[in-house]
Amino acid sequence: MKNSMIILAFFVAGVGLGIGELLPDVVMENDFSMYALYVLMFLVGVGIGADKKSWSVLRSMNLKIVLIPVGIIVGTLLGTAATSFLLNGVSLKEAMAVGAGFGYYSLSSIFITQISGETLGVTALLANILREIITLLGTPLLVNYFGKIAGIASGGATSMDTTLPIIVKYSGKEWAIISVFSGIVLTVLVPFLVTFILEFF
Amino acid sequence: MITVLILMAAGIAVGLFIDKYPKLIKKVDQLITWSIYLLLFLLGIAVGVNDKIINNLDTIGVSALVITVGAVLGSVCMAWVVYKFFFSTGVEKGGQDEE
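Sequence order for the protein chains is V and R. If you're matching positions, the first sequence starts at 74 in this note's numbering and goes up one per residue. If you're matching positions, the second sequence starts at 917 in this note's numbering and goes up one per residue.
Errors might be hidden in some of the hints.
Now the in silico label distances, taken between C-beta atoms and shown as ranges [stated by the list, open to error]:
#1 Lys968(R) x Leu81(V): 20 to 26 Å
#2 Val143(V) x Leu932(R): 21 to 27 Å
#3 Asn971(R) x Phe105(V): 24 to 30 Å
#4 Thr975(R) x Pro213(V): 29 to 35 Å
#5 Ala82(V) x Lys936(R): 21 to 27 Å
#6 Gly977(R) x Leu165(V): 18 to 24 Å
Bear in mind the hints are in silico, worked out from the structure with no lab data behind them. Since the structure is predicted, the reported quantities are computational estimates derived from the model, not experimental observations. Glycine included, C-beta positions come from ideal geometry on N, C-alpha and C.
This is chain V alone, in the form it adopts within the complex (with noise of 0.2 Å):
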C-alpha cells in the first residue's frame, strides 16, 4: 500500500506540472515514455527470470491450479465485457483491456496509454487501483458470498504481493501458494493479454 501512495504521489506530481505548464518544452514535446517502457519491461523479465521461488512455485503445482488464472481472466473479460454496454464511450475491446490489468495498475496503464492513448491509460490506472482497494476492504465478504478463491480472484495480479495478507486471512493459509502462483501467472500474462485485446481483436 506504501508502495502505491509513492507511484500515486509521482503520477499526481506529474499531472500538476502539466497542468501548470511548469516543465521545459524538451519534456513536453518529446516523448520518452516510450523509451523508459523498454527499459522497464526488459528489468521486468529479468527480475521474473531471476526469481527462483516463481519457478519452483510452478513447478510443485497440481495441473487443477492452473483453473484459477484461467477463471479469473474468463470473468474478468466477461464482466468488463458486459460493462462496456452501460458506458458511453468505452468499446467492448477497451473496457476488456482496461479489466486485463487485474489490478496491476502501473504496467497496465503504462501500455494501454502506449496504444490507446492517454484517456483510456487514466481508465486503466483508476480502474486497476480500485480494483487493488476493493479486494483490500472487501475480501472478507467476497469470501463469505463466492468461496474461498474469491478473493484470489478480485486481487487478480496483486494476490502474490499487496493482497496477499488478506487473502490468507480470510481464506486460509492453505490458498497461500495458490493465490501467489495465480497472482505470478496473471502478471506475466497482462501485458500479452492487453496488447493481444487491443492490437488484434
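Given the coordinates of chain V, work out where chain R should sit on it, guided by the hints.
For chain R alone, coordinates are given in the frame of chain V:
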C-alpha cells in the same frame, strides 16, 4: 508493442543466468521501481497538459469504477464455479490438508 514483449522475453533469458547474484537482482528491483515512478510521472504530465482528460476526470472515474465492479463480479463468479466443481471437497473438509 511486439518490441516490448520481445525485450521482456530477452530479459527473462538474461534473468535465468543472473539468479546467482542476489546483489544484482536487488539492483534490478530498484531500477524497476524507479522506472515505474518515472513512467507514471510522465503519464501524469501527459494527462496534465491534456485538457480533454482534465475536464472529463469525473466521467473517467465513473467508467473506471463501473469497469472494476464488472471485473471483480465476473472473476468472483468464475471463482465460485471453479471452487464448487474442482476444489470444495478436498480443502474444506480436510481443513489443514493440502488441496
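A quick look at each hint next to the structure:
Our hint of 20 to 26 Å for Lys968(R) and Leu81(V) holds, since their Cβ atoms are close to 22 Å apart. At roughly 25 Å, the beta-carbon separation of Val143(V) and Leu932(R) lies within the given 21 to 27 Å, and the hint holds. Hint check: Asn971(R) to Phe105(V), Cβ distance near 25 Å, so the stated range 24 to 30 Å holds. Separated by about 31 Å at the C-beta atoms, Thr975(R) and Pro213(V) satisfy the suggested range of 29 to 35 Å.
At roughly 35 Å, the beta carbons of Ala82(V) and Lys936(R) sit outside the given window of 21 to 27 Å. The hinted window of 18 to 24 Å between Gly977(R) and Leu165(V) holds, with their beta carbons roughly 21 Å apart.
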